[in-house]
Amino acid sequence: MTTMTMAAALNAALGDALAEDGDVLLIGEDIGTLGGVFRITDGLKDRFGAERVIDSPLAESGILGTCVGMAYHGLRPVAEIQFDGFVFPAVDQIVTQVSRLHYRTGGRVRMPLTLRIPVGGGIGAVEHHSESPEAYFAHTPGLRVVTVADPQDAYSTMRAAIACDDPVILLEPKRRYWGTGEMDTSLTADLDSARVLREGRDATLVAYGPLVVTALEAAVAAEDDGIDLEVIDLRSLSPLDRDTVAASVRRTGRLVVTHEAPGSVSLASEVITAAVEDCFAHLEAAPERVTGYDVPYPPAALEEHHLPGIDRILDAVDRTLGRRSSREAA
Amino acid sequence: MLTTPSAPERDLVAGLAQPLRVLAEDGTRHPDPTLDPLLDDVDEELLRSLHLDMAVIRALDDEAVALQRQGELGLWPPLRGQEAAQIGLGRALPETDFLFTSYRENGLAWCRGVGPEEMLAVWRGTALSGWDPFAHHMATPQVIIGAQTLHAVGWAMAARAKREDALAVACFGDGAVSQGDVNEAMAFAASFHAPVLFFCQNNQYAISEPVTVQAAVPIAQRPAGFGIPALRVDGNDVLAVRAASLLAARRIRAGEGPMFLEAVTYRMGPHTTSDDPTRYRDEAELERWRRRCPLARVERHLEHLGADVEQLRAEAQRRGDEARTGLQEAVTALAAPAPESLFDNVLTTEPAHLRRQREQFRAFTASLAPEGAAS
Ligand SMILES: Cc1ncc(C[n+]2csc(CCOP(=O)(O)OP(=O)(O)O)c2C)c(N)n1
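So the protein lines, in turn, are chains A and B.
Going by full-length UniProt numbering, the letters in the first sequence line up with residues 1 to 330, in that order.
Going by full-length UniProt numbering, the letters in the second sequence line up with residues 1 to 375, in that order.
So here's chain A without its partners, still in its complex pose (with noise of 0.2 Å):
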């Protein structure tokens, strides 16, 4: 057990899982010679080499379309995405192959690849570096969606990942590359389960990926007003662990889901609508959600205003409890 950043957890399970699987390899756009732009892959390609640590042209329908034929033929590519925004030139290969393969064969061809995706806002950065854009994955099925939160769930997850036969893609929240926690390589982490993190009994607070630590902030902020929250880190967003959510509804009467990404069709919706289903007659209150406003994501200067922060999700902890709140304010 050492401590670390989610960085180098992310780096390290990457490293273990290239010297364990000759199969394995990742490719993407500057993760080579410089490490890629965050260092997620830093020092590999000098550990295992040009062929298996690959700088690929700049196209990112490419990336992903190569990484469909190699997984036909055995690989287990790791691609990386440098910034959530430049996705979007990979999703029809995404939505249009990678996800549909195995159905479509009837099972005979798999997808065992990653695709590991930086994430989220909130470190001023310029148009299409800070996009949420998991709902669009978590729509298509035949995809795996995950997220991490902390430095032993990237490093667990990132390996389960890879050891998948399915098709992940794995959202890294680039705001907590830098947070340190403690890890342990032989922890190992499942891809379906959702985490409960801190056990209340006022109300059931749902997050994952750069929120869980605002939520856990805010959990302890709560206690200031004698709030006791429950904090769960959904992880997996396809699919949703529903079980975990209902039990903790169960048990609480109040739900209030958080993330970053707009709130109109999104995973708030999807977790709330779970729920309504699952529990409702445990409900004490409407569900809130407390997401980013239905906007395009907005110039760095008002980012803070468009980020779920502790005060706007203790705002939706105190409707769900029937406080004031500020839309009863006068």
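The hints are simulated quantities; they were obtained by calculation from the structure and are not laboratory data.
Keep in mind the model is a prediction, meaning the values are calculated, not measured.
Where is the CB? At the ideal position from N, CA and C, for every residue including glycine.
Be careful, since some hints might not be right.
According to the in silico footprint, chain B covers these stretches of chain A (three or more CB under 8 Å from chain B) [claimed, not checked]: (1) 84 to 91; (2) 126 to 139; (3) 287 to 295; (4) 306 to 313.
Residues of chain A placed beyond 10 Å of chain B at every Cβ, according to the derived structure [claimed, not checked]: (5) M1; (6) E29; (7) D30; (8) V37; (9) H102; (10) R108; (11) G142; (12) Y177; (13) R195; (14) L302; (15) R323; (16) R327.
Given chain A, work out where chain B with the ligand should sit, using these hints.
For chain B with the ligand alone, kept in the frame of chain A given last:
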């Protein structure tokens, strides 16, 4: 006015063996049969003005890098080394031709009269898009690599449909030629004979990746496969770039369809201010390119012509300083927009759900105001 160049052959791909060049590194002028007919108007006055243009955009660029280092800008993509490519093109086109560029063409923006505040807003994070494209005949910079090339083709098709004389220009880098969009743009342009100029600044790198990762042959060879003629020019030779741009624009305007220019140049600085180029290129390579400085080349040429270069340098310094001051003043004038502007311009009319979110945002913001503060 220039004389009409003799129309090059339809399958022209000139400059493959060696990029076309008329000004050598030591400032001597060399003949080139393709470009010479376009150089008749070059006199001392024109050389001086091209030099001053390059000096000003270098100063602007240096200042923007400095502002980023001081924390005034979030990011900046330096153009140092590419002054001749940008000024050579920018000064060859009439204002009515419409430019579609990526983020590094701030020299072209300057040619189009984009002001300092408009230029910096994106990089300071106060706007997603800093200027009015129609006021400057230039689309706002594109970050998605290559996307703008298709826009240029569409604009060109529209211009032709409207019987206009104007061209569209698509500017992009060497990395971009790997993107599907750029290849699709060439397919559309060739099929529809669109009046579009593809202008590739091959600055040798796409972030850390050398151009050899994108193409096994000179980039100028690729358009030939689409039936688009190409010229490969020394991108550090402002006269060669200008002449090639004039030639291409003439041909395109004469209805001969799209054309492609590859300007072979070098990015002297980092990819952006957050990049560390020492990880992927070495000092010896930099030194080779330093000797090809586009500004020094024009200075040496003027020296050969017996011009007063000291006076020119002083003038360049004065105009550069002016430009730098302009940027410094602009940056402090660029304040964060009103928080509620988050909700502006999502659609042309505000739908109910956004009106509701705007009201909730207002109420929430007001609820955070300190006790007793005016609402
Ligand atoms: C679709 C897309 N993929 C990746 C990126 C990230 N990125 C930004 S600039 C760049 C390199 C571009 O190189 P090139 O086209 O040669 O232009 P240059 O920066 O050298 O002017 C990359 C990979 C992006 N902006 N868009």
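Tested hints:
no.	hint	in the structure
1	84 to 91	holds (count 4)
2	126 to 139	holds (count 4)
3	287 to 295	holds (count 3)
4	306 to 313	holds (count 3)
5	M1	holds (31 Å)
6	E29	violated (7 Å)
7	D30	violated (5 Å)
8	V37	violated (7 Å)
9	H102	holds (25 Å)
10	R108	holds (28 Å)
11	G142	holds (23 Å)
12	Y177	holds (14 Å)
13	R195	holds (29 Å)
14	L302	violated (5 Å)
15	R323	holds (12 Å)
16	R327	violated (6 Å)
In summary, the numbered hints that this structure violates are 6, 7, 8, 14, 16.
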